[in-house]
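I would like the entire structure built from these sequences, with the hints used as guidance.
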Amino acid sequence: MNPSLLIALPLLISFTIPLFAKLHKKFPNILVLISTLINVLITISLFNTVMSEPLVVKLGNWNIPYGINLYVDKLALISLIIISVLTFLIAIFNLRNIGELNQSKFNTMFLLAFAGINGIILTGDIFNLFVFIEIAAIATYVLATMKRKDSYQAAFKYIVMGSIASVFLLMAIAFTYSSIGSLNMAVIAKSAGQLNPSLLRVITLLLLVGIGIEAELFPMNLWVPEVYSKSYVGVTALFSGVLSVAGIYAMLRIYFTIFGNSGLYIYLTIIGAITLILGELIAYQQNNIKKMLAYSSIAQMGLVITVISLNSVETMQAGLFQLLNHSILKVLLFISAGFMTYAVGSNKIKDLAGLGKKMPIAGLGFSIGSLGIMGIPFLNGFVSKMMILQNTLGLEKYFITGLILLATLIEIAYYIKVVQTLYFKENILKVKQLFPCLIPVSILSLTAFYLGVFPQSVINILNQVSSQLLDNSNYIISILGGI
Amino acid sequence: MRFRDYLSLFLVIILGFIIFQAFDGTIDNGLNIKQFGEVNLSERTSIHYINKDVNNESTQIIYNESKNPESGSANYVTSIIANYRALDTLGEITVLFIAAAGLAFVLGDHNKNNAFASDASFIVKIGVKILFPLLFLLGIYIIIHGHLTPGGGFQGGAVIATAILLKFLAYKDYKLNHTGLTILESFAGISFLIIGLIGLYTDGSFLTNFLANGTIGTLFSAGVIPIIYILIGIKVGAELSGIISNLINA
Amino acid sequence: MAFLNQWAYIGGSIILILIGLFGVLTRRNLIKIVVSIGIMDTGVNLLLVSLGYINGGLAPILTATNPTNNLNFVDPLPQALVLTAIVIGVAILALALSIVIKIYENNNTLQIDELRGLKL
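Chains as they are written, first to last, in numbering that gives the first Met the number 0: chain V, 0 to 482; chain D, 0 to 249; chain C, 0 to 119.
In short, the hints are calculated from the structure, not lab data. Quick caveat, the model's predicted, so the values are computed rather than measured. We put the CB at the ideal spot given by N, CA and C, even for glycine. Just to be clear, a hint being listed does not mean it is correct.
To be clear about the criterion: a stretch of chain D counts as covered by chain C if any three or more of its residues have a C-beta under 8 Å from a C-beta of chain C, and this derived list gives those stretches [unchecked claim]: (1) 37-51; (2) 70-76.
A short, non-exhaustive set of chain V residues, derived as facing chain C with CB atoms under 8 Å [claimed, not checked]: (3) Val130; (4) Thr144; (5) Gln152; (6) Ala173; (7) Ile179; (8) Phe217; (9) Phe453; (10) Gln455.
Right, here's the structure in full:
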């Protein structure tokens with residue numbers, strides 16, 4: 000199976016959705032389900048080939064540095080699996096009746112965002128990376144306005160920040176092309192060592208601003224709380240579980256594979272630490288559950304970037320595992336929270352009182368998600384948090400370890416507050432009944448438990464991935480075929 | 000307010016200093032941004048696009064005489080867009096599709112009163128009656144000759160949308176059939192992807208050029224490139240007209 | 000004169016980008032913010048195209064007057080990149096304007112001081 004089908008098929012199906020929208024009300028949803036399921040199957044079928052050696056696909060049969068190529072290695076494969084499965088589960092969640100939502104447009108944009116995110120992970124050419132980032136960004140701009148009324152102002156803030164980021168990204172591409180002469184990632188990686196150091200610093204700074212908006216790092220994440228709280232829960236789950244993985248993947252490709260060993264990791268650590276602490280402190284004060292989860296997402300992204308930028312194999316492995324776990328747990332949290340807020344019709348935490356008993360499945364899902372992010376044993380969050388703390392202590396970065404411990408304490412405080420409200424307070428508002436949310440919640444909870452008890456297989460793969468990332472000669476040789 | 004203006008000015012000036020630091024090109028320090036106009040083309044990948052020898056041995060390329068070269072279009076920019084880097088073009092038409100569909104969703108086709116209070120004057124109406132078919136024809140000419148002259152699908156599509164804008168300016172109640180536009184857009188997008196997939200199944204990779212290349216410089220040359228450009232022209236024309244119609248009728 | 004010749008395009012486009020950024024950060028009216036985004040897009044497209052110019056080069060098309068391929072052509076790749084970038088910029092501007100229209104319909108004002116959700 001050719002990896003280019005991972006981008007082509009969702010695009011094809013999303014172009015046909017407006018034609019068939021009139022047939023049946025649920026028809027667009029069914030098409031989205033079929034398309035994401037096909038993507039999951041194609042990704043799984045690539046598993047054996049990629050595990051032995053990376054897969055390089057030439058598009059249009061043009062020789063490598065002159066045409067565009069797609070590149071699938073173990074890191075890309077893991078990201079693709081996580082993204083496809085999570086999008087499939089979110090698409091199942093979207094099957095419930097939303098009433099006034101325009102199903103055809105919503106599902107078209109959803110599938111196009113998914114195709115763009117697949118493109119970000121597969122591509123091997125920096126201008127192509129820019130085009131796919133723009134596809135994912137514009138599809139999410141439209142998705143952020145779907146709720147009408149208040150969501151327009153949040154979406155406008157998002158669009159302005161996204162445009163500034165895309166201008167900076169294009170500036171970085173212009174400088175890179177003029178000095179190195181090619182747009183292919185492997186060629187740039189080979190010649191990046193010969194660049195003038197001040198030029199290298201400027202290019203990496205521009206790229207940090209350009210890609211940091213998708214990865215939700217400090218000055219570029221001012222759009223996150225507004226957009227997350229004022230859009231539909233299916234959209235927010237896509238943002239926090241899927242789009243952030245693509246953002247962090249793009250940052251890894253740029254900072255470790257292309258411009259590796261540039262000595263700029265200290266900036267990433269500082270920005271990650273600021274994001275982490277600010278996110279946790281502001282999350283503690285929220286009484287709107289979606290904003291609380293949004294600030295918690297920002298903080299987790301900060302944690303992942305801080306840990307990854309410490310530049311050693313063990314910390315990179317721990318950071319990637321934390322990213323994977325965060326995606327699974329956050330999607331679980333948002334789906335459960337979506338059911339509960341729709342049932343009582345309000346977003347405030349105190350209105351969710353007592354729902355743990357009235358809606359047992361959703362309440363259980365939320366509790367498992369919270370316990371996972373807090374780091375309770377037997378869940379996957381525990382394994383990754385322990386790895387992070389062990390490795391930062393091992394590298395003798397005591398300040399960062401203390402910061403992470405402080406952040407974990409604050410997290411435990413506000414998540415326990417919500418779980419307590421769910422189970423131990425009395426219900427005072429009316430509860431509407433919905434059809435059960437069994438499938439996504441159960442699959443995600445079971446995965447969380449499985450990864451918590453048997454994490455070894457995933458950790459082994461991540462170990463190989465991390466050592467490959469820190470030494471980019473494998474990337475260059477597999478594409479350009481020997482130096 | 001004034002404090003925030005000064006802070007932004009300070010931030011922008013600092014950013015300017017940082018960016019201009021990238022140009023301090025002392026030669027000994029490694030690769031640098033080249034001076035304006037002093038680019039050596041053989042150091043960049045474009046030399047292979049110009050000599051058309053990305054896959055084969057290099058031969059002399061002569062206008063109106065070379066038969067079946069690697070990429071048969073006389074316009075180098077067209078051959079890059081529609082042949083060597085066709086995935087970027089696919090991404091671009093997707094972006095335009097998202098923008099047109101998103102705009103139609105946000106503005107909700109109200110069909111309220113138009114932006115203008117009455118029809119334009121008599122001279123404007125007669126002028127538009129003369130100009131509209133000529134502009135339309137010019138747009139179609141630019142699209143079809145995209146591989147021979149400067150131009151192509153995007154430029155021709157914009158000219159066609161301008162022709163339709165003229166009709167909006169002249170007549171107060173001019174309306175477009177949005178269902179027809181949606182069908183045209185989707186049909187053009189699906190055809191582009193099907194051409195790519197046919198390339199996948201006959202030649203083994205997505206978006207290959209599977210038709211014969213012909214002689215450089217004649218109208219029926221360059222394989223699948225004119226077909227791609229006609230599809231792009233239809234799509235861009237339909238989408239920009241839809242955007243204009245939605246903005247005027249909002 | 001030589002200084003202007005060398006820096007007019009590249010330096011001018013970077014100054015355009017900075018002017019646009021200043022406009023986005025300080026203007027109060029929504030339409031002025033959208034216009035500043037447009038200025039930034041123009042600046043970066045000009046930067047991309049000017050990085051491909053060769054002194055005394057010809058336009059990269061084979062015609063009857065330039066029939067062979069060993070003439071001095073200008074770099075065609077940045078021109079292809081700019082075509083894509085212009086279209087993407089237009090799409091973003093169209094979306095931003097439609098959202099401004101909706102904000103005006105709902106709140107009847109275009110100043111960001113009076114809109115609660117847009118405070119930085």
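Subject >> Hint numbers contradicted by this structure >> reply: 7, 8, 9, 10
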